[in-house]
Every structure is written in C-alpha cells, then in structure tokens.
Amino acid sequence: MSVMLEAARQIRLVPALQAKGAMIVAGGTLAVAELNYGQGADGTLIILDRLGLDRIAVVGKKATFGAMVTMAEIARDRRLKFLHPVCNSIGGPAVRAMATIGGNLFAPAPYGDMAASLLALDAEITIHDGKSAKKYPIEVFFRQRKKLERCLVVSVSFTLPASGSFRYSKAVRRKPVSASVVTIAALLPRRGGKVVGARIALGAMGSHAIRAYKAEAALEGRSLDSATIAAAAAQIAEDASPADDAYASAWYRRQVVPIHLARLLAA
Amino acid sequence: MTKVAVQFTLNDEEQNEFVDSGSTLLAVLRGKLGLYSTKAGCHQGSCGACTVIIDGEPRLSCLTLAQRCTGRMITTIEGLTRDGALHPLQQAFMEGFAAQCGFCTPGMILAAKSLLDRNQSPSRDDVIDAISGNICRCTGYEPIIAAVLAAAEQMRAEMKKSA
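Taken in order, these protein sequences are the chains called A and B.
Numbering of the first sequence is given in our numbering, commencing with residue 373 and proceeding in unit increments.
Numbering of the second sequence is given in our numbering, commencing with residue 3 and proceeding in unit increments.
If you're looking for bench data, these hints aren't it; they were derived computationally from the structure.
One should not assume that every hint holds.
List of simulated lysine to aspartate or glutamate pairs, DMTMM-like, C-alpha gap at most 20 Å [claimed, not checked]: (1) A:453 x B:128; (2) A:547 x B:15; (3) A:547 x B:127; (4) B:34 x B:15; (5) A:547 x B:128; (6) B:5 x A:378.
To list a few chain B residues with every Cβ distance to chain A over 12 Å, as calculated [claimed, not checked]: (7) 10; (8) 16; (9) 23; (10) 25; (11) 34; (12) 44; (13) 52; (14) 60; (15) 104; (16) 117; (17) 132; (18) 145; (19) 164.
Pairwise CB distance ranges (calculated) [claimed, not checked]: (20) B:123 x A:519: 29 to 35 Å; (21) A:589 x B:103: 31 to 37 Å; (22) B:123 x A:505: 43 to 49 Å; (23) B:164 x A:507: 54 to 60 Å; (24) B:142 x A:622: 30 to 36 Å; (25) B:16 x A:613: 50 to 56 Å; (26) B:165 x A:448: 25 to 31 Å; (27) B:36 x A:518: 39 to 45 Å; (28) A:431 x B:159: 55 to 61 Å; (29) A:617 x B:80: 51 to 57 Å; (30) A:428 x B:7: 28 to 34 Å; (31) A:635 x B:126: 43 to 49 Å; (32) B:83 x A:451: 50 to 56 Å; (33) B:103 x A:616: 40 to 46 Å.
Backbone N, C-alpha and C fix where the C-beta goes; we use that ideal spot for every residue, glycine too.
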C-alpha cells in the first residue's frame, strides 16, 4: 500500500485534488476499511480535520451539520433528541465516534441509516465543486451521487420536524446494532388529525436511501387508522429494489418491510 | 514507502515515531510498538477487537490513520494496569469468567472503560450499548455484562472509601 495523507487547508482546493484521483477520508469508517482491503490503495488521501466542518448549528427551526459532524456528537446534542435513535442504531460507540454525516451520505446499502433519515427530513446538501458552493435537495443528490463524488460535501441542513412527527425504525439481525435488514424513517406532519405531506424513506431497500412514494400517497389526507396503515404497508415495497447480502435476501426484505412500517405507523 | 513523523501520548508516555504514510494506528501499535494486546480482527469496523481509547472516546484503531493521532491521548489495555495491579475491569473479567479465548477481551474492556469513565453507575442497557460494537464468539456476552456491572460497583465502593 502506498498512500500519502494531505490535510486540506481550504474547501475550494479539495475538488481539484479529487479530480486528480485523491480520496477523501472523513471519519475513516468507509475509506480506511476500503484501504485495508486493498481498494484505492495507491494515491493521496485527503483529510478534512482542519476545515471547520465539525459544527452543529441550530438556528430557529433550521439545523445545519458540517459534513464532519459525527454520530456521537449528534447523539450528545439535546436539541436533536429525535435523531438520537438514528445515531444510536449505527455501529457501536466506537463507530459512532468516528462515522460522519458526510460519509453516511455515500455509505453503500445496507448502510446509510442517517442518510435515510435525512431523506425523510427533506434535507438540503451543500456541495463545493471547487468554484462555488451549491445546494442540492437530497433526492437530487442521491440521483447524482456518483458524479458528485468528485465534489466536497460541506454541510447538510434541514427544518426541524414538529414534535412527534419524525419516526424511525431499523430491523437488524443482531441486537442492539448491526447493519440494516430494513430501515424506515418517516416524517408524518399532521393537520387536524390527518397526515399532510408525509415523507417515508427506506434504507437497505435500494442502492441508496429511497422514498416510498406510493406508501406516502396512501397516507395523504388520512388519519393513521388501521385501514390507512394497512393500505400504506401494502404499498411500501412498490418503489424498492433491495439486494441480497449477508444480512438478508431481497425476498426477505420485501416480506418484512410492510410489517415494520405497520408497527412504526401504529406506534 | 514514505515515512512521516507522528507524536502522541500512549498510556501516559510521549511517543515520537516515524511511521509509514497511510498506516493505521493498529499497524503502528502492533507492528512498530509491539503492543500486541490490541487485536487485529476484521479490519473493517465490524468486530471491535482493535478498540482503543483516544481522547476519552472509544475508537477503532484499524480504521484510524496514525497520522491523525498527532497530539492525541491514546490508551490501550497495557495502560490500565498500575504498578502491577489490575484495573477493576480486568479483575472482574478474570473473576467472572468473562474471557474464554481472550481475543475480544482487550477491546471489550476498553469499550467498557470508556463507558465507566463517564458513567459510574451504568444500567445493564448502558453496558449492552457500550459493548454493542464488540463481537465475542465464546461467552454469549452475559458474563461480560455481569463483569462490567461488577467492576462499576467495585469502583464506586473504592471511590466511596477514598472520599
């Protein structure tokens, strides 16, 4: 293995280094694991420790995370209690102390539980391409993720959900934590007892986090009664394309995701 | 291979080393410093065998680049024993048969130590969470959980005595 570490000094200089084949290392849980297995072993690693991307800001109803904010830091922040179950479902404490928000956006399935949650929260991803910073809705980011690997994710922001409107569930083979069999993050705003503007995101049900549009439509304008929940559960796998892996088969994931959605909605 | 200088505090002692650029902390601990108690397991962050404590937090040394450790305080299990006396966690693991093959034990104890350093009265669920990233294929975990709770009790008693 022949690699050189370079500490990035300015955000705008990072994409040019990436264009030359340098690889970004954020927390190390993905990139260094790849290096350990001989992937991307020759070249330059860029570390982002000095760029000030490790801050959490909550201003009014908007939260912004620098890309280097770790799961452990979010799990310690009392203003973000609704995200604590998400953070605490990712790895053990050592992984949480290292894994970053920015890295999680690039985590391949069945990883990326925070990315699924950010998709449910309709987050906005700020990316620097070397010339300027641009904001992308998270769904656009996922569609263009391959292309955007040559840019630097700077921050992630979203509007804080109304109290009790965000729900999260992760099915695993080994409790309390393991890679996902299926992850569900749901934003369920309600007006007059009816769901308005639901966003349901699934992890481990595609190559990256995906929306369950048909299940969302089944909830729209309805109260969360048993008939509505059954209708949404019947649609939940319609937009999904899960894969077989060591944790579950695609068939199994399709079988269990309606059950986990029904439990989450009925909770 | 390019060599780079790293300086960190390891088990309360200053370390100044030239290491291969891009090498992991695990490789430096085992290959350069001869601290073999930090185990090399999966090399991908799944098993927890390589857990060390860096600046008070548990970290996976297999996924930590040594160069990023400059200026940091690192604790391995060799740093827990004081003047030949075992740490209460080590004592509790021994007395409670919480180790069988022993491969996971250093990582388990350091994961538990980072919990007890910030929470002296952990619940059973706290202990389970603390060791949730560490895999043991021998014990079934119950003796480990019991040992951590016993060590916490012992440490509380010692603190009370010395207060």
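These are the hints, each one checked on the structure:
Restraint check for residue 453 of chain A and residue 128 of chain B: the C-alpha separation of about 17 Å stays at or below 20 Å, so the hint holds. For the suggested pair residue 547 of chain A and residue 15 of chain B, the alpha carbons sit about 38 Å apart, so the restraint of at most 20 Å is broken. Using a Cα cut-off of 20 Å, the hinted pair residue 547 of chain A and residue 127 of chain B holds, with the two alpha carbons roughly 12 Å apart. This hinted pair checks out: residue 34 of chain B and residue 15 of chain B have alpha carbons roughly 15 Å apart, not beyond 20 Å.
Between residue 547 of chain A and residue 128 of chain B the alpha-carbon distance is near 13 Å, which keeps this suggested pair within the 20 Å criterion. Distance hint between residue 5 of chain B and residue 378 of chain A is fulfilled; the C-alpha atoms sit about 14 Å from each other, no more than 20 Å. Chain A leaves residue 10 of chain B outside its interface by the beta-carbon criterion, the shortest separation being 14 Å against a cut-off of 12 Å. The beta carbon of residue 16 of chain B sits about 21 Å from the closest Cβ of chain A, which is more than 12 Å, so the claim that it is off the interface holds.
The claim that residue 23 of chain B lies off the interface is violated: its Cβ sits roughly 5 Å from the closest Cβ of chain A, which falls inside the 12 Å cut-off. Listed as outside the interface, residue 25 of chain B is inconsistent with that label: its C-beta sits roughly 8 Å from the nearest C-beta of chain A, within the 12 Å cut-off. With a minimum CB-CB distance of about 15 Å to chain A, residue 34 of chain B clears the 12 Å threshold, and the non-interface call stands. Not every Cβ of chain A is farther than 12 Å from the Cβ of residue 44 of chain B; the closest lies at roughly 9 Å, contradicting the non-interface assignment.
Listed as a non-interface residue, residue 52 of chain B fails to keep its Cβ farther than 12 Å from every Cβ of chain A; the least gap is roughly 9 Å. With a least beta-carbon separation of about 4 Å from chain A, residue 60 of chain B fails to lie farther than 12 Å from that chain, contradicting its non-interface assignment. Its beta-carbon lying about 19 Å from the closest one in chain A, residue 104 of chain B satisfies the requirement of being farther than 12 Å from that chain. Against the 12 Å criterion, residue 117 of chain B falls within the reach of chain A, whose nearest CB is about 8 Å from its own CB.
For residue 132 of chain B, the shortest C-beta to C-beta distance to chain A comes to about 6 Å, within the 12 Å cut-off, and the non-interface label is violated. For residue 145 of chain B, the non-interface assignment is confirmed: its Cβ lies about 18 Å from the closest Cβ of chain A, beyond the 12 Å cut-off. Residue-level check passed: residue 164 of chain B sits 28 Å from the nearest beta carbon of chain A, beyond 12 Å. For residue 123 of chain B and residue 519 of chain A, the Cβ-Cβ distance of about 51 Å falls outside the hinted range of 29 to 35 Å, so the restraint is violated.
Roughly 53 Å separates the CB atoms of residue 589 of chain A and residue 103 of chain B, a value that falls outside the hinted 31 to 37 Å. Taking the beta carbon of each, residue 123 of chain B and residue 505 of chain A are about 46 Å apart, inside 43 to 49 Å as hinted. Under the hint 54 to 60 Å, the C-beta atoms of residue 164 of chain B and residue 507 of chain A, about 56 Å apart, fit the expected range. In this structure the supplied range 30 to 36 Å holds for residue 142 of chain B paired with residue 622 of chain A, their Cβ-Cβ distance being about 31 Å.
The beta-carbon spacing between residue 16 of chain B and residue 613 of chain A, approximately 53 Å, falls within the hinted interval of 50 to 56 Å. As the Cβ distance of residue 165 of chain B to residue 448 of chain A is approximately 28 Å, the hint placing it in 25 to 31 Å holds. In this structure the hint that residue 36 of chain B and residue 518 of chain A lie 39 to 45 Å apart at CB holds, the actual value being about 43 Å. As the Cβ distance of residue 431 of chain A to residue 159 of chain B is approximately 46 Å, the hint placing it in 55 to 61 Å is violated.
Here the CB-CB span from residue 617 of chain A to residue 80 of chain B is close to 37 Å, at odds with the stated 51 to 57 Å. Against the hinted window of 28 to 34 Å, the Cβ-Cβ separation of residue 428 of chain A and residue 7 of chain B comes to about 33 Å, which satisfies the hint. For the pair residue 635 of chain A and residue 126 of chain B, the beta carbons lie near 24 Å from each other, so the given range of 43 to 49 Å is not met. For the pair residue 83 of chain B and residue 451 of chain A, the beta carbons lie near 41 Å from each other, so the given range of 50 to 56 Å is not met.
Checked against the hint of 40 to 46 Å, the pair residue 103 of chain B and residue 616 of chain A fails, with Cβ atoms roughly 32 Å apart.
In this structure, the earlier hints numbered 2, 9, 10, 12, 13, 14, 16, 17, 20, 21, 28, 29, 31, 32 and 33 are contradicted, and the remaining ones agree with it.
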